[in-house]
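Asker: Below are the chains, spelled out letter by letter.
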Amino acid sequence: MNENFEDELRRRLRPVDAPEGFADRLMRALPAEAKPVVVALPVRRRTWAQQFGMPAALAASLLAAVLLGQYSAEQRDLRTEREGLEASRELMQALRLTSDKLDIAYEAVQSLEPADAEENRS
Amino acid sequence: MPDSLLLQARAGDRRAFAELVKAHQGSVFSIGLRMLNRRDAAEDLAQDVFLQLYRKLDSIESLQHLGFWLRRVAANLAIDWLRRVPYSATQPLDESHDVAAPEADDDPLMSRELVRLLGELAPHPRAVMLLRYQEDRDVAEIAAMLDMPVNTVKSHIKRSLTALRGQMIGARLIDCEDLP
Numbered sequence: 001m002n003e004n005f006e007d008e009l010r011r012r013l014r015p016v017d018a019p020e021g022f023a024d025r026l027m028r029a030l031p032a033e034a035k036p037v038v039v040a041l042p043v044r045r046r047t048w049a050q051q052f053g054m055p056a057a058l059a060a061s062l063l064a065a066v067l068l069g070q071y072s073a074e075q076r077d078l079r080t081e082r083e084g085l086e087a088s089r090e091l092m093q094a095l096r097l098t099s100d101k102l103d104i105a106y107e108a109v110q111s112l113e114p115a116d117a118e119e120n121r122s
Numbered sequence: 001m002p003d004s005l006l007l008q009a010r011a012g013d014r015r016a017f018a019e020l021v022k023a024h025q026g027s028v029f030s031i032g033l034r035m036l037n038r039r040d041a042a043e044d045l046a047q048d049v050f051l052q053l054y055r056k057l058d059s060i061e062s063l064q065h066l067g068f069w070l071r072r073v074a075a076n077l078a079i080d081w082l083r084r085v086p087y088s089a090t091q092p093l094d095e096s097h098d099v100a101a102p103e104a105d106d107d108p109l110m111s112r113e114l115v116r117l118l119g120e121l122a123p124h125p126r127a128v129m130l131l132r133y134q135e136d137r138d139v140a141e142i143a144a145m146l147d148m149p150v151n152t153v154k155s156h157i158k159r160s161l162t163a164l165r166g167q168m169i170g171a172r173l174i175d176c177e178d179l180p
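Those protein sequence lines, which keep their order, are chains X and R. Position 111 of the first sequence, counted from 1, bears residue number 111 in my numbering, the numbering being contiguous throughout. Position 37 of the second sequence, counted from 1, bears residue number 37 in my numbering, the numbering being contiguous throughout.
No lab work stands behind these hints, which were simulated from the structure alone. Hints are not guaranteed to be accurate.
Which bits of chain R does chain X cover? Going by a derived footprint, with three or more residues having C-beta under 8 Å, they are [as the list claims (entries may be wrong)]:
| hint | stretch |
| --- | --- |
| 1 | 16-28 |
| 2 | 49-55 |
| 3 | 110-120 |
| 4 | 133-139 |
Because the structure is a prediction, the values reported are computed rather than measured. All residues carry an ideal CB built from backbone N, CA and C; glycine is no exception.
Construct all of the structure, not just a fragment, from the sequences and the given hints.
Answerer: This is the structure in structure tokens:
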């Protein structure tokens, strides 16, 4: 063995043949490994309910919330107004009673005044 | 081999793809065989490499790129296989006489021993030696194929040559004066 060791390696390590029928077996295995084929799926037509159902439900919910809010605000205003009127009426009633009592007291004071004056003179 | 063969294969021509396979199957199979030391595993590996090629044909730019790509994938798959499988499982020595180049078999004992010693190298140095001496690739190409620095490739070659020569001398298959 007088050749260079590296040359000897190259000579002895030349590629060997693949097993008989390797390429045929590989080609038979290819269909299972074929490139993915893109298949267009049929587009299903959506019904009106499927297409607009969700937006319509959302819009209806929003409208109901607005109307309910408006109604409850009106009811609150009416209640406040009614309570205000009631309070005003009660106040007037109280003032009227007070005024009547003051009148009675004034008349009582007036009826006493002549007698007192005569007593003082005598 | 014309580049048109690659273009035809990329266009889906299965006969053109089969021609590409036949042109490279020896190298890919031999990398698997000498890395794994098993004919069945080497055939599985070669089939895996070509199936990957079939799926990635669109990314192959030229026949030169094809040769580089096939050897890179084969070597790296073999290294991965050796990582997963226990080392002893790759040593059916009774088959090892099949892995030498038949036309170089003027000294079958020498060929068998050389292949056996090559099989004792760690996976990365083994792949480096095969790409260097079986596939006749230069150091820069091997570094790119195995994703390692050029200096590491040089170091693997130097150390592996020293080890192989030492063991061949120890086995009295070569004489000291035969060495360069």
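Asker: For every hint, state whether the structure bears it out.
Answerer: Taking the hints in turn, this is what the structure says about them:
1. 16-28: holds (count 8)
2. 49-55: holds (count 4)
3. 110-120: holds (count 5)
4. 133-139: holds (count 4)
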